[in-house]
Amino acid sequence: MVGNNEEKFALQTSRFGEIVVDVSKKIDIIGGLLGFPDSKRFIVLDHEQNSPFKWLQSIDEGEVAFVICDPLVFFPDYRLQIRKEELANMKVESIEDFVIFVILSLYGGINDMTANLQGPIIVNAKHRKGRQIVLKNSGYKTRHRLFPDVEKEIEAATEDIDKSGG
Amino acid sequence: MLVLTRKTGESITIGDDIRIFIQEVRGNQVKIGIQAPPHVTVHREEIYLRIQEENKEASRATKDMMQSAFAQFKNKRSKEK
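Protein sequences appear in the order of chains A and B.
Using the numbering used here, read the first sequence as starting at 130 and increasing by one per residue.
Using the numbering used here, read the second sequence as starting at 22 and increasing by one per residue.
Keep in mind that the hints are not guaranteed to be accurate.
As the list claims (entries may be wrong) - Using 20 Å as the maximum straight-line C-alpha spacing, the simulated EDC-like pairs for lysine to aspartate or glutamate come out as follows: (1) A:K213 / A:E190; (2) B:K100 / A:D278; (3) A:K258 / A:D206; (4) B:K84 / A:D157; (5) B:K77 / A:D151; (6) A:K169 / B:D38; (7) A:K169 / A:D157; (8) A:K255 / A:D157; (9) A:K183 / A:E215; (10) A:K213 / A:D278; (11) B:K77 / A:D278; (12) A:K169 / B:E31; (13) B:K95 / A:D157.
The set of hints was computed from the structure by calculation and includes no laboratory data.
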């Protein structure tokens with residue numbers, strides 16, 4: 130558990146084993162993520178160099194982690210409207226301090242990696258406060274494919290094999 | 022579950038700071054106004070459940086899945102170049 134005065138502590142996680150958490154890096158997700166009411170404090174773990182993906186690891190529950198990314202990497206036209214009440218308790222000084230993440234569902238197959246564009250996480254990076262918001266009437270859904278053209282490529286490749294008599 | 026009967030224009034209070042107004046009833050549709058403090062999130066249940074379900078699905082991601090997503094990403098980027 131986290132001692133109030135500790136700057137760093139060891140956290141047992143199911144994916145990464147024991148990791149050292151720098152308390153100054155924690156992000157408070159106000160209200161937690163929907164469906165995970167007991168996880169309110171998270172840290173962001175980088176994946177590999179040049180990877181657009183990151184892990185959002187719960188500090189409260191070592192087995193709870195999500196893959197997140199900047200939505201603009203895959204959805205350059207993504208825009209969202211944040212309602213005033215969604216910024217409550219987020220210590221807003223400047224909108225410039227905010228970053229947006231979306232949560233990805235990977236399922237295990239490359240064809241069906243999806244991003245939840247309807248429930249993005251907004252983070253005040255300066256004060257390290259975040260919230261998962263639910264967009265209304267945005268046209269965005271919970272499952273937008275990251276690689277929508279993969280299926281076509283597979284179909285094309287299969288056709289080639291068929292033509293060559295394979 | 023507490024069940025109350027209300028007429029159009031009447032309201033219900035929950036605790037000190039939540040008020041629910043019955044604004045309009047037409048056939049099987051009810052228009053409801055909700056006044057709540059900012060820290061109380063209000064969602065249509067089906068949307069709330071959908072996001073909750075998707076979060077649960079997303080939490081099943083493993084390191085291997087992440088690796089394969091990254092491989093796919095690199096592959097795509099190298100084709101675009």
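Are the Cα positions of K95 of chain B and D157 of chain A separated by 20 Å at most?
violated (32 Å)
Quickly compare the C-alpha distance for K169 of chain A and D157 of chain A to 20 Å and report which way the hint goes.
holds (6 Å)
Between K77 of chain B and D151 of chain A, does the CA-CA distance stay at or below 20 Å?
Roughly 26 Å between the alpha carbons, so the hint for K77 of chain B and D151 of chain A is violated.
Pair hint K213 of chain A and D278 of chain A, alpha-carbon separation not exceeding 20 Å:
violated (37 Å)
Holds or violated: K169 of chain A with D38 of chain B, Cα cutoff 20 Å?
violated (24 Å)
Sort out whether E215 of chain A lies within 20 Å of K183 of chain A, counting only the CA atoms.
violated (24 Å)
Tell me if the straight-line CA distance from K169 of chain A to E31 of chain B falls inside 20 Å.
Between K169 of chain A and E31 of chain B the Cα gap is close to 37 Å, so the pair fails against 20 Å, i.e. violated.
Can the restraint linking K100 of chain B and D278 of chain A be considered satisfied, given a maximum Cα separation of 20 Å?
Cα-Cα ~12 Å, so holds.
Can you confirm whether the C-alpha distance between K213 of chain A and E190 of chain A stays at or below 20 Å?
violated (30 Å)
Taken at face value, is the distance from the CA of D157 of chain A to the CA of K255 of chain A at most 20 Å?
holds (12 Å)
Please verify whether K258 of chain A and D206 of chain A have alpha carbons no more than 20 Å apart.
violated (25 Å)
Need the status of pair K77 of chain B, D278 of chain A: alpha-carbon distance at most 20 Å?
Given that 20 Å is the threshold and the Cα spacing comes to 26 Å, the pair is violated.
Hint compliance for this structure: hints 1, 3, 4, 5, 6, 9, 10, 11, 12, 13 are not met, and every other hint is.
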